[in-house]
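Chains as they are written, first to last, in my numbering: chain A, 1 to 353; chain B, 1 to 353; chain C, 1 to 353; chain D, 1 to 353.
Worth flagging that the hints you see were computed from the coordinates, not collected in a lab. A few of these clues could be false.
Copies of one chain are not kept apart here, so a pair can be met inside one copy or by any two copies together.
Claimed, not checked - Using 16 Å as the maximum straight-line C-alpha spacing, the simulated EDC-like pairs for lysine to aspartate or glutamate come out as follows:
hint: 1; residue 1: LYS82; residue 2: ASP92
hint: 2; residue 1: LYS82; residue 2: GLU112
hint: 3; residue 1: LYS259; residue 2: GLU75
hint: 4; residue 1: LYS259; residue 2: GLU148
hint: 5; residue 1: LYS70; residue 2: ASP51
hint: 6; residue 1: LYS11; residue 2: ASP92
Listed below, chain by chain, are the residues.
There are 4 protein chains.
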Amino acid sequence: MMIIMHTDATKEQVAAAVARIEDNGLSAHLIHGEERTVIGVVGDGRMIIRDQFLHLPGVDRVMPISHPYKLASREFIPEYSKFPLDGVRVGDNGIVLIAGPCSVESRSQLLETAYAVREAGAHALRGGAFKPRTSPYSFQGLGEAGLEMLAEAREATGMPVVTEIMSPEQIPLLTRYADVLQIGARNMQNYSLLNAVGKSQHPVLLKRSMMASIEELLMAAEYILSHGNRRVMLCERGIRSFETATRNTTDINAVPVLKSLTHLPVILDPSHSTGHWEYVAAIARAGIAAGADGLIVEVHNNPTEAKSDGAQSLKPERFAEMVSQVRAVSEAVGRSLAPVPVSEPSVVGAIAK
Amino acid sequence: MMIIMHTDATKEQVAAAVARIEDNGLSAHLIHGEERTVIGVVGDGRMIIRDQFLHLPGVDRVMPISHPYKLASREFIPEYSKFPLDGVRVGDNGIVLIAGPCSVESRSQLLETAYAVREAGAHALRGGAFKPRTSPYSFQGLGEAGLEMLAEAREATGMPVVTEIMSPEQIPLLTRYADVLQIGARNMQNYSLLNAVGKSQHPVLLKRSMMASIEELLMAAEYILSHGNRRVMLCERGIRSFETATRNTTDINAVPVLKSLTHLPVILDPSHSTGHWEYVAAIARAGIAAGADGLIVEVHNNPTEAKSDGAQSLKPERFAEMVSQVRAVSEAVGRSLAPVPVSEPSVVGAIAK
Amino acid sequence: MMIIMHTDATKEQVAAAVARIEDNGLSAHLIHGEERTVIGVVGDGRMIIRDQFLHLPGVDRVMPISHPYKLASREFIPEYSKFPLDGVRVGDNGIVLIAGPCSVESRSQLLETAYAVREAGAHALRGGAFKPRTSPYSFQGLGEAGLEMLAEAREATGMPVVTEIMSPEQIPLLTRYADVLQIGARNMQNYSLLNAVGKSQHPVLLKRSMMASIEELLMAAEYILSHGNRRVMLCERGIRSFETATRNTTDINAVPVLKSLTHLPVILDPSHSTGHWEYVAAIARAGIAAGADGLIVEVHNNPTEAKSDGAQSLKPERFAEMVSQVRAVSEAVGRSLAPVPVSEPSVVGAIAK
Amino acid sequence: MMIIMHTDATKEQVAAAVARIEDNGLSAHLIHGEERTVIGVVGDGRMIIRDQFLHLPGVDRVMPISHPYKLASREFIPEYSKFPLDGVRVGDNGIVLIAGPCSVESRSQLLETAYAVREAGAHALRGGAFKPRTSPYSFQGLGEAGLEMLAEAREATGMPVVTEIMSPEQIPLLTRYADVLQIGARNMQNYSLLNAVGKSQHPVLLKRSMMASIEELLMAAEYILSHGNRRVMLCERGIRSFETATRNTTDINAVPVLKSLTHLPVILDPSHSTGHWEYVAAIARAGIAAGADGLIVEVHNNPTEAKSDGAQSLKPERFAEMVSQVRAVSEAVGRSLAPVPVSEPSVVGAIAK
């Protein structure tokens, strides 16, 4: 931490700032520049309150030096984190594909979509049973009935299930059905929820809020990690900018930046980050080219009938095409798609196509 | 709702879009322009899913015409909403001032600050017992002990209490202690929480997320209103922009825009919207000049010792100065400060200073 | 300037960074923290190139300490700048009002509007003869014919004229007709133009680009000041954010921030910063309440016929109303409207209404 | 164009709006919805002034239907534009690489860098002789001496030269030396300059302003195209968002969006869009994966000595590495690097390596 004094700060004001630093159990180091004095604070400033210095007479600004996160940082854990997800290893050289509908709407919709994405090469199934919707009048999800359909689809296809959690009290229910708990963008700073999933020790897919900085995303991850839950994937899903041609602005820079700052796996969501199915494949390819460890993509067996996010959902055949493009790009950057585990999906006869 | 066809859409594609509109129980109205056909959808399009049209061949864009909110809208309820808060009327001609520390830190800190802001003219006391903090390592609030101190301060000063709620399960506890439940910016789209406070029928101060559009703020209010809870105040507390000279960017435009779109009272938070105590009074004055119905301001009896938000907290004497400036501006715009109810605060002898 | 080394930087890397600092004629000051070494650079780092340190092995970040501007800074010139504009003093206690149409469209339009705003209390007349328009197909201004009309309106009403300059070669022409050269938001970083108006020594109204930080606005002013032209007014006219309810987002925080950082007068443009005439008066009041030294407002005698910016133009009677509200607010904050100089406007009979 | 009436607009107000539409030579088409009336305007509304309707009583909003650009649009010219640049075809299947230093600083710096990028596979040489700098105290470029060095480097390596133009009066000078005139981001809406390069008929690289929407970029291109100059490349170079981890936010979505809206070639600048050399290769790969037609990359033979943009400049060996990665990705997406024309560069003995 650096305390920048005003150009006209007096000696007494500098001394008062130094005294306060020492009160905090840290030591002060003065640099007398041509224009002003700067005080370097030596010791772990992460735990003290920076704001306290801002009201001291003569202080202009306070600048942090260290990153505020630790467990999420590669300075602390240089090795990239990898963890198994039902036969696939997230964070490893192989790219992981998570696909499925925005919302679970019906048994046939889910199963058809699940079979299709599995066949195309997906490793995990996404699908929302509880949906955070901007309007109270929109479809809010099927709830537990949707979870049961997800469980059936997992049984049928062998794919682990990723589904969104909206509230701490859903933990017991959701951990029964889901392999990965997704924290949605709007809940990225819902600290009650972060603490709860941290304690659960269940794998988490943490989506970046559309207005969160990369540092804030890492701080949200730090909440989960600080409870000992290390199985956290970070997901870039587009940020909000002034541009309205797309639903969000894919912060593609976040991919290499995150790979440099943190050891946690980085997943890109090209569906939300563009909002238009026409652009999903291009951005999926870009994400892998930039270094992402996986993708989460919305696929619907019949997007014109979707109850949510139809505009950004791919039809199964377009998803299959995207997978083959992504495979080519992943090989061009020295990676590959993760092998699909050989599972023995139970044959569910009911879904006659 | 308007469906804009591509310039090269065929007659069959237009017919298919019309058929789908009619399938939804609505009627279609065609406008054949020079370049393209536009289809007007007649009927309440609020309940149907716009996205379904975007995958139809030949469709370029879909544009909503109606606002997505109803209960929050002045088109629906033209009269401004007013409701009592312990002797003060929020939303009335008199400006309401809510003031107090960011966090409740100790009994003496809270009581000293509460007495000081009451004396300066505040109508309600703010203070957080449960704090949403960016870092898991920061002070997270005193919890129920803090609530008890708030109750004591209410008793002592006669001011109703505004405090933040972070999770639906806190409703029983918080409604026992608080007169107004504050939904923080980070929880503005925590729908579990919005539903819970909606059902509680307790007055709510809903803060705009730093990433939310004005329309999204009104949709969040709509969640609460749709449960029959009409006592909702909206709070502009700064949005996130590229400018870093201040903590947030006060969206002062939001004040007249909200007064034109909604009947709900509009409160400005100049502390968070600037992040620096030096700018708080200027922005408080600006908010009242622009038409806000009240202010919520962070005041701390000793900001250099504050455990959170010290940089943006006013000292009591600066708050008193701000109140007198705000009084002058409120009169210049044909309003006044709401009268402070004559209460008989119990004498709490313990805090004799 | 501070050079922050990586946590794993070696002694040799630190030594190399120090050597380079000394090569630049500056001296280095080391702080060995718990996690890493930070190097303070003593001397005027404004003139050296920060980027050179970023490629050195072991360097993590480089942080500036000093503001990059000097002549615009209150650290350099603490007294607020004031300068005369045809009988009015800009930057003084009296608020200055600049009003008139977006574009000069015709003699009668301009004269009618000019008389009306003068009567309502305006001190200067704005009006564009050369217009920067987003579309090449939009009205581009009347050019020199428009300038002649402005000259006639000045003669008729006694008001000095503010008009936009778009290119360095317009200097001789525009300085003949205009009392203040306006640099539009889109040209705020057109350095050829900034240099040219700097050399001209003519008063300048410099509008903030809709995406410029406050620091960049001050750097643009520094270009003009560095040529010895000290008569520069800064104008906040709204920045671009994600919010689309208004044309721009008025950065009202910029008013007190600029008053604290710079001695130059600060003008607010509530017309562009909102884009809707309904919100102009509210934001004009807010600007004065926040501490602005003046306003520039679009007024049109018949906005429904305006060739540009009709949506945000006030009718003369609404402008008069706004002036009386602004007068009340300026008095509430201890200021007043600048007195309108008693001029003897020539009687121009030609304008038959 | 659609005119949305207020929910309480009267019949007379609707009739007045219709009358005004007809006054403009267009025809009106009414849709009486459940809540309100919407008026469709039939005819080319591009040339009329939308704002005029906003002051009419009873009008709520006006929404455009058509894109405001024509010559830049694929609706108007569906075929992608291709044009030759000294033996390479821009806009064709082959990816074009433009590389070189930010500024021309010296003969040896430029020649060394030019030889190196040519050897690595670059097709054109970038280098600034006139530099737009945020600070008036920064290096402003070598001017004509720099242009002469660029001419020598072209002669020596056979690469066409891309250099920035800052002012209309530089046209005669720059067209003598440069093969492509670059319009920098800060000048994207400098309409005097756009008109001048439009008239020059010289190839143009038009950089998107960091604050411009995709539509505004296309409108800026429309200015150039409207003068008959069709050889325009568009360049995405990062937009400004709230994220500060990188210098700008690469709007990777803009790549597929532009390829869908316009026939003009799309170039990505990963140097400015990230601001850090460590991220340049990742974003270069992402751009090609997303569908860009080329890259413009800053390379410096000795970035620690660069007078501008050293932090984001690649060393020649890192550029060579990037080229081989980009080649692999371009092949993965069914494209390739454009063949480097076999030229006979004159041997310049002076530059002894």
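Going through the hints against the structure:
1. In this homomeric assembly, LYS82 and ASP92 come within 16 Å of each other (Cα to Cα) only inside a single copy, at 6 Å, whereas the closest approach across copies is 41 Å.
2. Neither within a single protomer nor between protomers do LYS82 and GLU112 lie at most 16 Å apart by alpha-carbon distance, with minima of 31 Å and 43 Å respectively.
3. Proximity of LYS259 to GLU75 under the C-alpha cut-off of 16 Å is restricted to the intra-copy arrangement: shortest distance 12 Å within a copy versus 40 Å between copies.
4. Proximity of LYS259 to GLU148 under the C-alpha cut-off of 16 Å is found in neither arrangement, the shortest distances being 36 Å within a copy and 42 Å between copies.
5. In the homo-oligomer, the alpha carbons of LYS70 and ASP51 never lie at most 16 Å apart, since the shortest distance is 21 Å inside one protomer and 27 Å across protomers.
6. In this assembly of identical chains, LYS11 and ASP92 lie within 16 Å of each other by CA distance neither inside one copy nor across copies; the values are 56 Å within and 34 Å between.
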